[in-house]
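Enquirer: Chains as they are written, first to last, in my numbering: chain G, 1 to 620; chain R, 1001 to 1115; chain F, 2001 to 2311; chain C, 3001 to 3497.
No lab work stands behind these hints: they were computed from the structure.
In this text the structure is predicted, and so the values were computed from the model without any measurement.
Virtual Cβ for every residue (Gly too), placed ideally from N, Cα, C.
Be careful, since some hints might not be right.
Claimed, not checked - Which stretches of chain G does chain F cover? Using the computed rule of at least three CB atoms under 8 Å from a CB of chain F, they are: (1) 31-40; (2) 364-376; (3) 495-504; (4) 527-534.
Claimed, not checked - Here are the simulated lysine to aspartate or glutamate pairs, EDC-like style, with alpha carbons at most 20 Å apart: (5) C:K3153 / R:E1109; (6) G:K142 / C:D3109; (7) G:K146 / C:E3434.
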Amino acid sequence: MINELMIIIFAPLLAGVLAWIFDVKGIREGVAIIGAAVPLAYLIQAYQTLASQPSIQYSIVLSGFKFEFILYHLSWVFAMIAGVVGFAAVLGMVSTAKDSYEWLFALMSLTGVYGVFLADDLISFFIFWEIMTFASFMMVLKYNRKASLKYFLLSVLGAYAMLIAIGIIYAKVGAFDFTSVQRVFYQDAMRSVMGSDTLFSRNELLLIFGLFLTAFGVKAGTFPLHVWAPDAYSETNQSYTAMFSGVLSKAGVYGMLVIYILLGTRLMYEFGNIGAAPKFGYVIAFLGGITIIVGGLLAALQEDIRKLFAYSSISQIGYILVGIGVGTALSIEAAIYHAISHALFKGLFFLIVATIIHRTGKTQFKDMGGLAEKMPVTFAMAFVAILSLAGIPPLVGFASKWLIFEAVIHQNMPILGGMLFFGSAIGFVYLIRFTYAVWFGQRPTELDDTKDAPLPLAIAMGILALLNVVFGIAPGIVAGELNKIFGKEIIQGTIWELNLGFGRYNGLFITIWLVVGILIAAVIYFLGAKVRRVPVTDTYQAGNPVTMDYNLTIRRNFFLPLKETLAFWLRMSFDRLYQDIGSWVEDLAETLRHYIYNGNVQAYAWYLAAILIILALWGV
Amino acid sequence: MSIGVYYFGAVSLILIGLYAVLVKKNLLKILVGLSIMETGVNLLLISIGYIAGRSAPILSEGVGPNNAVDPIPQALVLTAIVIGVATTALALTVAINLYETYKTLNIEELRRLRG
Amino acid sequence: MMVIETALKALLILLYATFVGFMFMGIIRIVTARIHRRVGPPIYQPILDTIKLLSKKSSITHGLIYDFGIIYALGATILALMFIPLGGVSILRAYGDLILITFLLEIPMLGIMFAAMSSGNPWAGLGAQRALLTLLAIQVPLGFAIVALGEFYGTFSTYQIVMAQQSMGWSITSLPLLLAAVAYDLVLQAMFGKEPFDIMIAPGEISLGPMVEFGGKHMGILQIQHAIALFAETLFFSNIFLGGAVITAFASPIINTLATLVVLLIKQTAVLMVAIFIGAIFPRFTIDQAARFYWKWPTIIAAAGAILAAL
Amino acid sequence: MNLQFASLLIALPLISAFFVPVIKTISRKAVMPFLVIITAVQTGIAAWVFEEVYTGGKPIIIMAGGFKPPVGINLYIGHFAALFVLIIAVAGFFMAVFSMKSIGVEPKDKYAMLFLLLMLGATGMISTGDIFNLFVFMEITAISAYALTAYNKTGEASEGAMKYIVLGGIGSSFFLVGIALIYGSLGTLNMAQIAQLAGNINPTVAQAALALLVFGLAVEAELFPLNAWAPDAYQAAPHPVTAMFSAFVVKAGLYAMVRIIYLLRDTQAFTGILRLVLILGTITVVIGELSALRQTNVKRMFAYSSIAQVGFMAVGFSLGTQAGASAGVFHMVNHAIVKALMFLAVGYVALELGGTSIEDFKGLGKKMPLTAFAITVGAISIIGIPMFNVFWSKIQLILAALKVGKTGVIALILGASLVEAVYYIRLIHTMWFESANGEKVKENFTLGVIMLLLVALIIVIGVFPNAAWNIAQKAAADLYNVSQYIKNVPLLPGVSP
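Okay, chain G solo, but in the shape it has when bound (with noise of 0.2 Å):
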């Protein structure tokens, strides 16, 4: 019987490719939603597997690798988050999707994705890590030409910056899999500590560390290599980037957290730590912390609704970083629970914009407006996921941002405590701005026969919005599993209640008294007069109605102060220096050509003539 973990790996891309084939309506998406649901009913009863024996495993060789894979603890978290939020985006795309085109490449990076978080060797890593990339890479290539490429190079050059690290390692050690990778750093941290001379010196040890870092650094957008991503979020089939960013971005971080499983030890001797945080890990929080505050002011100057929500998903990135990057072992729980409610919320986002999208045909903030009555299920999606990231106590934004909040200022790192709280304002910002572009004021009059959500894509949202609540009342039951992964109980408490000695925090208790706060609150309302249903024009304008034409509304450059003193920083943009990186080597490569291949056979032959010279000079 073929190993479970092939199921789950394959059996996406084999609904793809069946999709593909049976290019009819009806069939296509019935393949597709099955695909997805196969790996996670497989996961879910792997749950009770995984009660029992410590991981499932399972190898196959090819072509003189052997690709070994394994499901425990850790990769069950992320294996469970890509197969919710994959599923509810496939849902999505069963609406939104043209073409079979699209199924095949959707299903083939969650395929991709899979395989990156059951892999237990570097060969099968890399190689489902360059599926992903190019699978997610043909998604955005059928919209928008550059924005695929910049997608892809980047992305590309982070894979072959991960193999060449592949290839130093597997020089010095030998073997690909994990263990005996893990192994020998663990032997070489020990010989460090006693002194005696190491495998790996210390430039080799930087040089596979830079090169891994870029390499996630670039799926999880991290600073300087986030460009990409708002580009290819938003060009793309909306309900494709719930999962291309909800899901896809957390193989970026799952594989910051390969480096602290494999080299973690070797690094943290090498390099010493401040406190209890690895000084290595000190430049992925801090680079965390520069995204979550780039990501998140330039969310709040965009004008298209997909570019809003794909810089908050980079900064959002930013906070798991910044968890991952403190090292201790509350923080990286805290990292992985902010990935599972990122991936929660930021699929919900993704998906109401594919609504959005859908049913308006819109994408610019300044033709929008005035939606919530005529799509009341869709805003009151909205509302939670709102409510969510902005980190409102009751739902799981806030449970697993304090988790952070508390990881990293207990560690006594103020800088990264301020950007932190910097950051979270950030979030509610532009988050409000979304909400009054999209949902209230004036509506535009083609707007007016908007319908609500399609039912798949209304059911996908209700599937997230539920998890939303779920995980925010009772964050004990995320934590239970986070514990497993350590295996010692980090996260004390009961299943309502987070307790880390320090700070605790209960979720039952928030949602009681704010229901009795809010019954406070309507009881004085309704003592009040009846109330007048006024319609949204008319307002207080002193008399004259606001018409259509004079529809006075700063729905567009609606963060224009913040605009003007963010000016100096806004000149500088890594997207334009890649840009100009991009375009010399282009020149260059033209005059080159131009030059050595002139055409002219007398040139050729001295070329011939120069290769003679060298060869009687050099005497070989």
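With chain G's structure known, arrange chains R, F and C on it following the hints.
Expert: Okay, now just chains R, F and C, sitting in the frame of chain G:
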């Protein structure tokens, strides 16, 4: 009259041929340079097989196996000459065709395919 | 039994907080008036205004969110109130986490924004934008102040901080926390919506900003929310920086709680007075001036505090 | 079946080449089908030889004229030669079928003859065991390649051919000088014996000989400065011929160079030459990829990309390790398949739409879906996406290089393959996602079948690379450990200069 003279002659022939190919602008002169180079190479081959004081390796009653020059390079040169002829003949047909189409044999102008 | 007892306690806290909150609003109006050398309205004037607003006959609404936003704001403020330790009386004291309370004090702003924006009035949108930018501006010094506190005491539970201050003396006695307190006080200025940073509700320029569309009972609820918020913020500040109040000298617990409430009241009024004095003197900043100000001096002070606390 | 039938591999193309005029007199239209039949028979024999060598495990030695080496010339068909002769035969068969449709210019019998001579030369180069014989077969390949490049009789074709002749001529004459030096010092031409006696050549002569031999063959194997003729020749030659050029003619030249370098392993100059070839290979990859970046003519773009891939193989072989050699061979096999497919497809597009510039490729997905699909699969596999065949050889090569510690070289090569990804993706985008006028073209059935067969081969090797990898490893072993090579060739004892 040591063997060096032949080697020197052969190598200088090759260099002259190379010079012609590298400097001359007219295509035909380049082809002539090429064939000079080939003759130089053939001369080098022959001179390698030469043993002083022996006659050509044609077995006749006066000439035995041990008073003839080493025959193998001679055989090699035969094929090399044939190949040289074939290449030059083909090159000339191509040159004629070039002249018919472009009305020039100057290397500088024959540069349509480039970049 | 336990449930009734907590319910009673909650009711007590709520009434006390609302009453004191309105008194604070009265004090603000009187003191500012006195500074301007005029008599100023009686201290219970805000209560009269709120009752007038609540009893208005006709009132308009722009849809569900317009109403729910206001209710949500008041509910969140009541929730925040429950967490802050109020001497012996508070209920969720054990869960009063520094970060949780800071977030809860910011949430009412979200509720008001939602309600104001759903009204479709452009002035409300403009007010919302300015409120958010102010929030963005104050977040940096606020963050550093909380970080300083967290690192200095090594714990996030407000109750443990209050207990620690009983033994180690008030927070502002130690340098790092003094810096943090100064920065936090400047931040309070904006959270109260007082003079130099109240661009978001500038009556003259953008007709009260977010509040422009509110009238009748919506405005009444907002007044109550403002009162409780005033009380909660001052209480939080006095707890974490001015040592709160834990008096066990008297025999019966009732007197003890009364004494703590009195001590806390004195500290809260002190904080309020500081805010009023600053408010009465300074003219109004524009929004980018406010942002640049907050990102310059208070941030440096708070960051210095945080770094010193970390060492 | 007596093993000596393997010599038919050389004899068959030769005889049938001279039969072609006879067939022409019988009927003009019979020439092309005759060519297809001959190539089919050749593929049969090659498959039989491949079967024989890989099951038996022992190479087939054929003594020309019954003389035992080193006196006589012997053909040494080991694992590598068997594999590559099969590739030549199969590629030749496909291109023969393609040229039935695509060759319009009149003297078709001349074309058939040259086609067979080209195949003969390449097969000879790969299977010969004697360096002068190698020179002769190389010249046969070169001359038929010159003639085939000039076949279209257009100005461009003769210009391309002229460049090829001049540079090829210089290269081969220096190659002959190298052979002369080797013969002068060792007195033998048989490769096995050279390998045995390589130790006692005096160092300077060995250096000069090795340098000249490698120089001569590098012109044929298109290393960096010497490959200036290649893009013009590829572009000017008729489409099936270009496919054959990149599929096996270049590889035969590269094989010969590598075989001679490995033969002279014991000379001091060995490591120096390897370093030189490594450097040249890396530069070839970088320059090849960069110059393909802004190409408007797709055929020339593929020519540059194939040059770069050949440079990549040269790097593989020049690592000097067993892993490097097997990766190089595996890359040769994969590259042959993919490039044959790509040039076939480009040729077919040029045939149907009249040109190979980028504009003709706009919206190809709608006009000729099957060909567009073939080119896309080829392009994706060349970029190195997993689940396609070139990926496996690229991974093996990179890991082999990193094992030897060549990090800088690999960084350059990966950077170059990034550039390669750019222009292939631009092509894919123009083909599928840019709209163009022009109606749907009815695609030829036989060519469609061939293309689908090659695509299937690419995907099969991509998904199940084990079989191909083992063959590549055996072939590399045959190439790499020369001691085994010497033992296999039955040398007459005692015959030395």
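Enquirer: All hints, please: hold or fail.
Expert: Results for each hint:
Counting residues of the stretch 31-40 of chain G whose CB lies closer than 8 Å to any CB of chain F gives 0, which falls below the minimum of 3, so the coverage claim is violated. Counting residues of the stretch 364-376 of chain G whose beta carbon lies closer than 8 Å to any beta carbon of chain F gives 3, which reaches the threshold of three, so the coverage claim holds. Only residues whose beta carbon comes within less than 8 Å of a beta carbon in chain F count, and the stretch 495-504 of chain G has 3; three or more means the coverage holds. Proximity of the stretch 527-534 of chain G to chain F, defined as three or more residues with a beta carbon under 8 Å from a beta carbon of that chain, is established by the 8 residues found.
For the given pair, C:K3153 sits about 18 Å from R:E1109 by alpha-carbon distance, which is consistent with the 20 Å threshold. A threshold of 20 Å between alpha carbons decides the hint, and for G:K142 with C:D3109 the separation of about 47 Å lies outside it, so the pair is violated. For the hint pairing G:K146 with C:E3434, the CA-to-CA distance comes to about 13 Å; that is within 20 Å, so the pair holds.
Taken one by one, the earlier hints fail for this structure at numbers 1 and 6, listed in ascending order.
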